[in-house]
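J.: Chains A and B, in that order, are what the protein sequence lines are. Quick note on this note's numbering: the first sequence kicks off at 9 and runs consecutively. Quick note on this note's numbering: the second sequence kicks off at 2 and runs consecutively.
For the record, the hints were derived by calculation from the structure and aren't laboratory data. All values reported here derive from a predicted model rather than from experimental measurement. One or more hints might be untrue.
Reference excerpt, derived from the structure (chain B facing chain A, CB under 10 Å, subset only) [stated by the list, open to error]:
#1 T56
#2 G57
#3 I59
#4 M74
#5 I78
#6 Y94
#7 A106
#8 K108
#9 F109
#10 N150
Where is the CB? At the ideal position from N, CA and C, for every residue including glycine.
The primary structure of each chain is shown beneath.
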Amino acid sequence: MPLRNFNRPFFRGIAVVTEKNIRLYYTKPPVIIFGFLFPLFMFLAFYLGKEIDFYVFFPGLLAMFLFFIASSVGPLITPWEKQAGTYERLLSFPVSITTIILGDCAAGMIFGIMINVVVLAVGLITLNYCLNIMILCLGMLLGAFCFSSLGVSLASPSVQNPSYVMMFSSIIRFPLIFISGIFIPLEDLHGLGRMLCYFSPITYMVDIFNFSLRGQSNIALIVDFAALFVFSLTFVYLANRTHKRNLMRGL
Amino acid sequence: MKNESIKVIEVRELTKRFGDVTAVNHISFAVTKREIFGFLGPNGAGKTTTIRMLTGLITPDSGDVLIDGVDIMKNPIKAKMKIGVIPEMGNIYVDLTAKQNIILAGKFYGIARGELGNKADAILAKFGLLERADDPVKTFSKGMKQQVNIASAIVHSPELLFLDEPTAGLDVQSQRMIKTIIREMNQRGTTIFLTTHNIEEANVLCDRVGIINNGEIAAIDTPEGLKRTFEETQSVEISFDKPVDLSEIEESRLVIRKEKLGDKWRLYTDNPDKLVKYLAQFAQDHNLIFTTMEICGASLEDAFVKLTEDKY
Ligand SMILES: Nc1ncnc2c1ncn2[C@@H]1O[C@H](COP(=O)(O)OP(=O)(O)O)[C@@H](O)[C@H]1O
Ligand SMILES: [Mg+2]
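Using the sequences and the hints given, assemble the complete structure.
T.: In structure tokens:
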């Protein structure tokens with residue numbers, strides 16, 4: 009039974025780490041600033057004062073919010089805990105690094121989905137979409153996990169001050185936004201731009217949102233999901249590696 | 002096998018290098034059930050590195066660690082379930098309350114949520130912190146934080162507790178409190194492994210002490226045993242009412258070494274009884290009056306200094 013599985017140390021560890029992260033890190037100023045205000049300002053800067061068809065651009069907006077929010081928690085947690093001296097304590101509990109990493113991923117994922125559901129609700133009320141709820145939910149779950157695990161893999165523990173990590177992580181996160189098909193619809197992208205966009209996981213998220221809201225997509229759905237899945241695996245693997253390698257740094 | 006001789010910690014040939022530095026160099030020892038075992042050593046001796054390997058935080062380069070028969074490297078989660086750890090710099094979550102910290106720890110060990118509240122209250126009551134249970138830990142004093150630190154490490158009633166320099170940086174009052182807590186837990190059956198650079202702490206707290214220096218164990222014995230090993234460092238402290246020439250005493254061959262401490266002389270000897278009798282005669286002959294006369298036994302400090310000095 010699932011309940012019995014949940015009692016096993018591995019899943020229990022993930023659940024407890026997630027709960028701790030939610031309680032402690034959702035309200036930290038760097039998370040609010042880099043996860044929340046940033047996409048808001050980017051949205052305002054890009055969309056304000058232009059004649060824009062929100063019906064077309066809302067799926068991209070949705071993906072951008074999910075990306076920023078889900079990936080904002082991960083970079084912060086480990087550096088913060090190392091600085092506060094709680095990381096060594098955390099490791100002394102019956103958990104493995106992998107457990108901790110998945111707990112960090114889950115916290116970012118839940119945060120991203122929570123806010124995204126609000127943004128989505130606003131969109132559904134104001135715009136006249138014909139919803140494919142199954143694909144939307146599945147896509148949002150996978151995308152949130154993917155972005156969140158990217159955030160966790162960016163938790164470079166060699167940085168002393170946790171807020172520097174947010175700077176560093178933004179250097180990686182911003183280009184992924186710009187090369188994705190958020191600001192320019194995929195069908196209008198050609199040449200190098202078109203090639204680059206496939207290297208951003210956000211592109212696939214936008215495509216899934218486009219499909220599930222507008223019924224239009226440029227990439228096969230199966231490819232979207234497969235790409236997000238492969239990106240997720242890569243990020244979790246990278247996170248595992250860097251966290252293990254940098255275990256002793258800053259302790 | 003008698004209960005007392007069950008090995009709760011068994012360490013064989015444990016080694017850890019950081020680049021060129023060999024932090025821990027092929028150490029082996031065992032800790033038996035219900036004892037308080039102390040690792041005593043100067044800063045940088047390898048105490049923290051050892052405790053981190055014993056508790057599964059870092060992987061040794063070679064060697065074995067068995068916690069209650071479980072290999073910490075092969076089965077870390079199972080081994081960690083059996084122990085409680087209070088790391089050197091290990092902090093609790095200062096944004097959480099004392100009770101929340103203990104409950105969080107309890108959840109990691111799979112204690113049922115219904116049970117946890119009562120358990121946390123019971124521990125806090127025992128530590129005299131029940132009134133502050135719902136205050137954020139950031140409002141606590143250093144000593145109280147360390148108490149909460151210990152409290153959250155024992156919520157699952159481990160039979161083995163690791164403490165890395167548990168009293169370092171605390172005021173005297175808090176140090177005494179922490180020592181009392183450690184003693185009480187030991188009396189209720191918990192085996193304790195602690196590290197310290199404080200000789201007096203090792204002396205009054207530990208059943209056995211391992212002296213570690215430069216990553217190697219220089220000696221393991223009871224505090225009294227260690228002192229006895231260094232009995233030649235017994236001394237007699239004397240002072241007289243007027244300055245004296247002690248060269249005659251040195252000729253008696255009773256004195257190994259002499260040291261001037263202000264207006265006193267400390268004479269090291271391996272036979273204090275004979276030296277005192279000799280000194281009495283000496284005073285009589287030279288018409289001197291003793292202003293101080295004291296026999297000092299070997300101290301753990303002497304043993305410690307002796308064992309760690311040649312390396313510097
Ligand atoms: N993470 C690390 N990286 C490099 N060197 C380390 C690390 N941890 C400890 N050392 C070195 O190992 C030696 C032992 O350190 P440590 O175990 O912390 O000593 P103690 O706790 O007895 O003061 C020291 O020389 C220290 O500089
Ligand atoms: Mg240390």
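J.: Each of the hints needs a verdict: does it hold here or not?
T.: Hint check results:
1. Among the interface hints, the one on T56/B holds; its C-beta lies about 6 Å from the nearest C-beta in chain A, closer than the 10 Å criterion.
2. Interface restraint check: G57/B against chain A, minimum CB-CB distance 8 Å, threshold 10 Å, status holds.
3. For the restraint placing I59/B at the interface with chain A, the shortest Cβ-Cβ distance is roughly 7 Å, inside the 10 Å limit, so the hint holds.
4. For the restraint placing M74/B at the interface with chain A, the shortest Cβ-Cβ distance is roughly 12 Å, beyond the 10 Å limit, so the hint is violated.
5. Annotation: I78/B was flagged as interfacial toward chain A, and the flag holds, the nearest CB pair being 5 Å apart, inside 10 Å.
6. Restraint check, Y94/B versus chain A: the minimum CB separation of about 6 Å is within 10 Å; hint holds.
7. Hint status for A106/B: holds, given a least beta-carbon distance of 7 Å to chain A, under 10 Å.
8. Interface restraint check for K108/B: the shortest CB-CB distance to chain A comes to about 5 Å, inside 10 Å, so the restraint holds.
9. Because the closest C-beta pair between F109/B and chain A is about 4 Å apart, less than 10 Å, the hint holds.
10. Interface hint status for N150/B: upheld, as the beta-carbon distance to the closest one in chain A is roughly 8 Å, under 10 Å.
Hint 4 from the earlier list is the only one contradicted by this structure; the remaining hints agree with it.
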